[in-house]
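Student: Using the sequences and the accompanying hints, generate a full structural model.
Residue numbers (the numbering used here), protein chains in the order written: chain D, 1 to 445; chain E, 446 to 603.
No lab work stands behind these hints, which were simulated from the structure alone. Be a bit skeptical, because a hint or two may be false.
Below 30 Å or equal to it, Euclidean Cα-Cα: the simulated DSBU-like pairs (lysine-lysine) are [to be verified]:
1) D:Lys271 <-> E:Lys505
2) D:Lys271 <-> E:Lys569
3) D:Lys271 <-> E:Lys580
As the structure is a computational prediction, the values presented were derived from the model and not from experiment.
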Amino acid sequence: MKKTIYIFLINFLFFTNLNALIEVDITRGNLDPLPIAVSPLHVDIKSENFKDLKVKDLGAEIAKIIEKNFRNTGLFNPLKKEAFVQKPDIAHLKPRFEDWRLIKAQALVTGKLLVKDEKLKVEFRLWDLTAAQEMTALAFTTTPSNWRRVAHIISDKIYERLTGEEGYFDTRIIYVAESGPKSQRVKKLAIMDQDGFNTKYLTLGNELVLTPRFNPTNQMVTYMSYFRNMPRVYLLDIETGTQEVVGNFPGMTFAPRFSPDGKKIIMSFAKDGNSDIFTMDLETRVVERITEHSSIDTSPSFSPDGKFIAFNSDRSGLQQIYVMRSDGSNVKRVTFGKGIYGTPVWSPRGDLIAFTKMHKGRFYIGVMRTDGSGERLLTENYYQEAPSWSPNGRVLVFYRETKAGNKGEGFSAKLWSIDITGYNERRLSTKTDASDPSWSSLLSK
Amino acid sequence: MTLKTNLKNILAIVFATLILSACSTAKKTGDLDGDVYTGKETVEYLAAGVPDRVFFATNKSSLTTASRATLRKQATFLRKNKNLNVTIEGHADERGTREYNLALGERRANAARDYLMTYGISGKRISVISYGKEKPINAESSPIAWSQNRRSVTVKVN
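Tutor: Written out as structure tokens, the structure reads:
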């Protein structure tokens, strides 16, 4: 899939007049989102039909996806199409900047596409309306069935150009799809595009599955399954569907994650009432013990440079977060705030650890520096946990459960996301109830 | 109506409510010792007089006096039924993170297993499995339901 998209840089303008450039600051909560006009992409009249694709509408559909991606960031305010002042093909050649400025747009996206010989050719341009110049332009060729990904890749390029950060739109989320009554939940692995489309189920629901996590370097997934009533960590290739048990442990393995280079799985192994942390090298199959303590040690997460591991332990009595060197030495407790702490996850940027905090019957998702200082609680609720980072380290996805009535009625589990600024909390659309989300890396990277 | 009678009425209502709520708490706390469940609801029996499960305090895996009494009955029952093997399922309530609860369930199941072993039951006859918070016996979100869900259950295998 990855190889089917070719990106050509057709035009890159080098700017000398830096002051004139619009930019979006994403380091703080953006209360004044940038007004942007996303013109429908012009569909070349020479376009041919492709399978059941409505080629005529494709330009408008791609623009819609880009708009939705932008609106969901909370950083942009996509303007209504009714106000647009130029036809898509003409605007794409050269916009009348002063007319677009009249509708208060600061940035404009234009583009065109052609479907021919079973190929989809797309190009787009991003215009700075204030400075009256082109900011970036790209062209792609891919198979027409990849059209949604094209919209996500364009979104990423524009986000990157306007914020100076990598985007996160051409990504997928793997999660546990839940159905059935609360006391007899059926759980399946599911994967979808980050915007909720293209949902696929990867297991049938015959056995309990939990905590899927992406390999940050490819499309492998590690998760926990109760296959044959033996709770173990599994490795799954989502392209081929092949899966295998990780290691040969005489007891429950759980809480798996990949190392940042994707070559090891780190997880807990429970035996005789004690859970410790182990790694297994996927190539050599060598198993290494990382912690040895009579307490519960679980939820391990590597720092992106692979040098440290954050984990959850109750060695002080209750659940707290600890950081150690990746060989298990130099263990330091980092959480000392009120309440108890779980699920530490190291940011892909390396600067923060996200966590779940429980205090006085409420659940919080928060971030802190890797030494435990600077704790910031982003969201409070009845029950929520298991944050997972967007690949650019700006957004967290997690799941939230509602309180149930006396037969379990009113119970639901949904995916939510929030910016690390604490703004822009929103629910992700999923076909079923959902939990344990894990965000992939950029697919086209 | 005067202000006085109004006040009287209000006080009467407040008083009645207090009595009612006192009754309902009394009924509920009757099944809890601290936050460990002591009632009979949800309990099944391996044989007459041999309960299949014991209950735990929040975040704890230590056995209470009542739990130890139950497990001694299970040990007696297992000694009499020498060919019977069991699995002990460890469970947690829904008010914790999933991964920690898996570990906690395993620790609870092993606490029960260890106790059975000190009463002469071979470890080979007892396997354990943790379900964490995945299989609540009571689906409600309430302190009583959570106390019923913090449990280890001894299940006959053959």
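Student: Taking the hints in turn, state whether each one holds.
Tutor: Cross-check of the supplied hints:
no. : hint                  : in the structure
1   : D:Lys271 <-> E:Lys505 : holds, 17 Å
2   : D:Lys271 <-> E:Lys569 : holds, 14 Å
3   : D:Lys271 <-> E:Lys580 : holds, 21 Å
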